[in-house]
Structure formats: structure tokens, C-alpha cells
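> Model the placement of chain Z on the given structure of chain X, informed by the hints.
Just so you know, the protein sequences line up as chains X and Z, in that order.
1 is the number of the first residue of the first sequence in this note's numbering; add one for each residue after it.
1001 is the number of the first residue of the second sequence in this note's numbering; add one for each residue after it.
In case anyone wonders, no lab produced these hints; they're calculated from the structure.
Careful, some of the hints might be misleading.
Covered by chain X, per the in silico footprint, the following chain Z stretches (three or more residues, Cβ under 8 Å) [as the list claims (entries may be wrong)]:
(1) 1065 to 1074
(2) 1146 to 1156
(3) 1302 to 1311
Ranges between beta-carbon positions, derived for each pair [to be verified]:
(4) X:LEU151 - Z:TRP1067: 25 to 31 Å
(5) Z:HIS1112 - X:ARG129: 56 to 62 Å
(6) X:GLY144 - Z:THR1048: 40 to 46 Å
Reference excerpt, derived from the structure (chain X facing chain Z, CB under 8 Å, subset only) [said to hold, decoys possible]:
(7) PHE16
(8) ILE84
(9) ARG91
(10) LEU120
Where is the CB? At the ideal position from N, CA and C, for every residue including glycine.
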Amino acid sequence: MSGCTRIDVAGLSVLFPLYHAGSRSLKKTVVAVASSRFAQDPQHRVVVQALRDISFTLTAGERLALIGPNGAGKTTLLRALAGIYEPVVGRVRVQGNLSALLDPQLGMNMDLTGRENIMLRGLYGGLLRSELNRLEEDVREFAGLGDFLDLPVRIYSSGMVVRLGFALATAIRPQILLMDEWFLAGDAEFLEKARGRMEGMVRRAEILVLSTHQPEIVREWCSRVIWLDQGQVRADGAPVEVLEQYLGHPLEEVGGQLADGGKSHRGATG
Amino acid sequence: MMLGRVKTNAVAAVRGIGRPATGSAAFMSDRLSPSIGNIALEFRPGLTATERARFAVQDVAGGLRLWRLAWTLGWLDIRLRYRGSLLGPFWLTLSTAIMVSSLGVLYATLMHMDVHRYLPFIALSQVLWGFISGVVGDGCVCFTQAEGIIRSVRMPLFVQVLRVLVRNLLMLGHNAVVIVVVFALFSVRPGWQALWALPGVAAWALAAAAICLPLGAVCARFRDVPQIVGSVMQIAFFLTPIIWLPDQLGPHEHLLLLNPFFDLLEIVREPLLGTAAGSHIWMAAVAITLVLCGFSCALFARVRGRVAFWL
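Isolated chain Z, as found in the complex:
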């Protein structure tokens, strides 16, 4: 539906024509206008799908080149939120700690479980889920929030996606303190197995970027989508084993494989708990990531040039 309604019979062709031959003593380099600096800009009607795909790839590559900007933007987002407060971003840590400990004790009692097993589990699950739902939620507004920048300078849209990733990774970092403390208190030692979380995190980063691009664009066009996504994430929270353990499903546990959030969660969570995620879970997670990337590229190639009009 989305694709059918987007008219893109003309898209920008942006070509680099090499570095500028400045050579002057001018310190203010021409690079101050980055996205345009030293390039010729060309819009013409009737671009092919391949050309459109190339510009989408150029957008992503250009965004990656501006990684320092994305890092600073994401970091300032966090600093700004907690500016003037005593604890700063460690409010994140504190509130997560309080929530995890109260939830942990309550649910361990409700579900008649051993606190020593349950509390580390929920601490880890809660923090990891915080990252997933944070990325999805921020991804929805990644372009609408940056309206001011997008409408006043030509800049790769992918910068905004990286900014969301950076912001959420920094929050994950602050929350990770809770995991470390809980694991130390309950002497959970995942051992070398934990290193398997690294490829898991890499897959997460890829999937997160792949979900933010289309979400940001679709949410800019259809302003109801963020609300829909919000309620989907709420449901997903309960359907995914975060406050409950997968083996509580008993004979139906294998059905969890159909939950994409479960597959993605497990490839990072299992290694950190000291067990290996099964190969079928890995295959599912990789497949989900690849499908997301493919979908993301296809949609972004079509709508990239229209996002500025939608804001």
C-alpha cells in the first residue's frame, strides 16, 4: 500500500566530483556544508530502480562517514535529558535497579521461583528488552524529531538512524551496570560462553538500523503508526519471555521460535546467562535480520527523496 502511493519518478542523483582544490589559507573549509560540499547535485525525472538503490546506499554510506556527528548527537540527547540533575544519566541505572529488584522479588514470590535463579534472569531480560523497545520507539520518531535539520540542510538521513542507535547503546551501557551488580551479588558467572553475545550484539545493531530506517519514514508519512507500534511493543513485552521463563511454557516452548523478538533476544541473553543459544534460534535470528535489511533497503530506496516533504 505504502509503495503504491509514493510517487518517485524523479529522484536525486548526487555525484561526487572529487575533493575541492582549495589550497588557500582559508580555514573554514568547504566541508562546513558537508552533504553538498564538493558535489554536483542533479535531479531529473525517471530514474531506474537501480539508480534509486544506489542513492539509498550513498545515503547510508554518507551517514556512516558522519559517525562522529551521529555519536555527538546521540550523546548530547542523553546529556540534555539529565542536564542539571545530580545523578545525570545514572538515573537510568537507578530506576532500572529499583524496578528490577522489586519486580524480581515480587514475581519470584508470585511464580514460586527461586530468587537466585529468577532475579539475574529478569535483570538481564529487562535491560535487554529496554534496548529493543527503546530502538523501536525512537526509530518511529527518528526523522520527525530531526525535522529542523532535515528541512534546512541536505544531510544523509542515515545520520538520524545512527543517532538513535548511539543514544540507545549509551542507555544500554548505563543499565548494564545493574546486570553486573546483580550477577555479582548472586554469583552468576557466564564464563567464556558470554563471548557469543558479541555476534549477537552485532546482529542487533544491524537489525536495529534496518528497523529504524523504514519505521522512521513510514511514521513520518502516516502519523498513526507510532501509536500502533507502541501498542504492538506493549503486547510483545508480555508475549516474549521477559518476566517469565521460556521453559514455563512446557511442551509449547518450541512455539516461541515464531516470536521474532524471542529469537533476537535469545542470541544475546543466552550466552550472558552461560548457556548457548540453539542453532535453530541463531538461524531464525539471522534470517529475521536479513529480511529486515532487505525490506529496509527496498523501502528506503523508494521513499528517501520524499521524507523531507512528509515532515
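Bound conformation, chain X alone:
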């Protein structure tokens, strides 16, 4: 089961052709930061280079943090690793079973009840009926939603939505875990409760790729950091080293979030 778990990325570039420039998804993902990254492809379409010539290899046991300003390409890289964006340039090779926690609302339909959302999530994974019941049990216990489980998610408080999403997302045991920073959001009380569950999942994963703004998490969980800037690798190395370069001062002085991070909860960022 282990041993062969591995990620190879070589010369990966991801281009977004600007087909319908007004579209929501593009605004969300690239336009905000793309000013210097517009280009034209051979067919004279305007494209945005979300990722440029990324190469790295991860083997079992490695825990990689992706840092960089908003829109540096962190989520796009996670999506490429997850096989959602199939790149036109470069190779991506992933060995081992993989789970991507990219969107807190993955598979969550706001108009369905919590229980129905749990069922759907199980079905995404092709669970059998008996496994579905256990999933429901597990999630209900952790999320602590009580009677709200039978009400539409639409009327949940945002905290309840995060709890449900978190409980669903952590009910997995992948060999490779891709995690976006939304995952580390939530109120302090919840984070405390969530920590154990999440750490268990992270520990069991053989490879972790985490996109985050929080230096403490990076130092605590990760063995390697890649600093992405404008879709390119700016630095790649040990956490302390890269973090200090990124922050521009020794780590000890950092109290909380990274300089540009500020917001701990960005929701489903592109």
C-alpha cells in the first residue's frame, strides 16, 4: 500500500484561455492577479498563465506547504494535482489514492438537508448502503448539528456549514491529501475540537500538500515549503528557510498570520 506513493510534476504550466472574460469563474480565479500574466497563445487567444513551469517530486512521508500571495496559483496547482485541470504543458504523475479538500461546499447542495448532503457525499465515493449509514453516524456525531441535520443547509449558520463540511471531508483516509486553506478556518472552539481529527488524518496520509497562510501550521505540519509567486516557484526548501525569505524577517517575530494573509477564511477561493 505504501512505498510507491509519489507525486512527480515536471515542467507543468496551466493556461486559462479567456473565452468568456465576463464569466464568474475567471474573475474568481485569475483576473484579480493576472495583470502581468496575460499572454497570447499561437491562435491569438488571450490566455492567463496560472502556473508556469512548475517542477517538483514528492515521495512518501513528505509534507509540502504551498505559500504565496492570493492568486499565486496555489489552488490551481492543487487542482492540477487532483486531476481536475488536465494540463496542456508538462507532466503530472500521481501514484497512490488521493483526496482533495478544495472546496468546503464540495458536493454540498444548500437546498438539501444535512442528512441528504451526507448521503450524496458518500455516493460520490461509491459507498455501499451500510457504509453510508456509518458515514452518517460519524458525521452527525462530530458535527453536532442535532435536529438541524434534517433541515436545509441553507438555514445553517456559517459555522454549522463549516462543521458539516469539515466532518464530511475528514471522514476519509487517503494516501495523498491535498488541502486548501479554507480547511483551517473556523472559530477557535471548533478548531480545538477539529484539531485532533484533522491531525489524525494528516498523520495517516503519506503525502500532504497544503495551501496555507498560517506559519504555525506550516512549521508544525510540514517538512517542505514551496513559495509560489505569479504562478512560478520562487523558493523551494525547508520550512523555516523559505518562510523567512517569504516574510522578510526571522520567524520568531511572527505572532500570527503571514503578512499578506490577514484573512483566515477565504472560503472557496479560485
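Quick look at chain Z alone, frame taken from chain X:
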């Protein structure tokens, strides 16, 4: 035009490497991340057409394996639409019933026809056409509507197509009540002949899947296409014998064969009315289905990897 503009010199190679050797007491199986679970993922530049075709086939096969998910999604779509209403999905039945009875009486008078002949005909035609236009309309948005899922997890795109099929089949089922009631009221008994509708429905399912895949992809890329399709379907409604009978065309009836909607409609409608669809109609319907499937496979193989970028 479409094909020329899509750049696909690199496509994913997705290979299964067998079941995971979990064996642990972990109940949360690795299958929770289905589309990726236990497989190696490989993207590399320069795949051949055959390889691309294989990945398209894998997508369809993977979608079929997730049929329970597709069923639930389609079923929830319907439930959601009518959640909180008294009649639920039977609003479909009721509104179809009202439309069919008012249209039936009005047009029978306008066209000087016997209500006993016309009303069962229009009830059946209207319900069947509702399925056809529903599939085409939903097919246009099958990927754009599922944007959230497609962009957050790797999952066979074909699941979304199955979801559209399930949703429309369930609606057809609810509307079919109207046909049964009308047939009972006017004592129309198609007899054993009606069984011929079954292969017709099978051909429909195939054709529906084959039309949704390319429509969904093209509509994701070119956002004007759903509008175009909408007006084409509007015209098709009037050009196809739905509110009028084929034999009203008189000597020109054979020209109807050129209307693909007519051929497909007849292979299900005729048996249910107790007559057999002619062999030339069957041949035309089968040919249309096969051409659709071929076109669908060819286009899907080329654009499958790009759909996520278009959403």
C-alpha cells in the same frame, strides 16, 4: 470549427492499479474519493487519438459505475424543485393534464377532428415530446450546472449526463399518468403491439446520452449555443407532428422521414397507439442514433479534458 480550436496535445492518462489493500478496520474507505481513489493519475503531452478515445470510454464506464449517485442526483433535483409543495412532483402530472385536455379540445374543434381520436394522440405526443425537449434543454446545461462539483473533484463527466437522463425519465414517469388516464377514458387499447415501444425507449436512452455529452461540452464553451438550441427546439415542435397528425400532410407525408425528431418520436409513439412503426422509420431512427453516438464519442474524446477549463 469546434475541433480545430480545441488544443488537446496533452490529455490525462488514468490507470487503475487494482483495489487498495486496506484491510484495516478503517470504515471510511478510500473510496470516498472515488474518481481518484486507488488509481494513478498521469498527464503527459502528446497523446494519440486512440489513447484519448480510451479515456473518453473510461469516463463513460466510470460514470455508469456511479449510477447510484446519478440516480440520487436526478431524483433530488426533482424533489428539490417541488420541496414544500403540497402535490410535489405531481404538479407535473397536473399541469400536463390541464394542458393536454385544453389543447386537445381546442385543436380538435379548430381542425374539425374527432376528440376521441385526437385527444389520446395529443396526450401521448405532448408527454413524449416533453421528454425529448427536456433532455435537449437540460443537456445544454448538464456541465455548466454542475460547475461546483466538476471544479472541486475529479469525477467522470458522464455522471452529469446520467443525472439529466434520470431526471427526465422521472418526469416522464409522472407525466405518463396522464397518458394512462386519457387512454382509459377513451378506451384506447394498444395491445401487445405496445411492447415495441420498449426497444424504442432503449434507442431513446442511447440517443439522449449521445446528444447530452456533446451539447453539454459545446454549451460550456460557447455560451450562445443554449439559446440557439432553444429556438431550434421551438421550431422543431411545430415542424414535428405533435399537435397535428402526420396524415394531415397528405401526399407530402413521406417528407416527414427527413425530420429526425419525427423518426425518433414514431418508434415509441406508434406502438403505444397500437400501430407498428414502419421499417423505414425504424431504420432512420437507428441510423440517427448511431450517427449521434459516433459524433458524440469523437467530440467527447477531444474535449473531455478541457471542459473543466470552460466552466
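> Does each hint fit the structure? Answer for all of them.
The hints, checked one at a time:
1. 1065 to 1074: holds (count 6)
2. 1146 to 1156: Contact hint for the segment 1146 to 1156 of chain Z vs chain X: holds, 9 residues under 8 Å.
3. 1302 to 1311: Our answer is that it holds, as 6 residues pass the Cβ test (under 8 Å) against chain X, meeting three.
4. X:LEU151 - Z:TRP1067: 25 to 31 Å: 29 Å, holds
5. Z:HIS1112 - X:ARG129: 56 to 62 Å: 57 Å, holds
6. X:GLY144 - Z:THR1048: 40 to 46 Å: Distance hint for GLY144 of chain X, THR1048 of chain Z is violated at roughly 53 Å.
7. PHE16: 6 Å, holds
8. ILE84: Check passed: Cβ of ILE84 of chain X comes within 5 Å of chain Z, closer than 8 Å.
9. ARG91: Holds, about 5 Å.
10. LEU120: Hint holds; LEU120 of chain X Cβ to chain Z Cβ min 6 Å, cut 8 Å.
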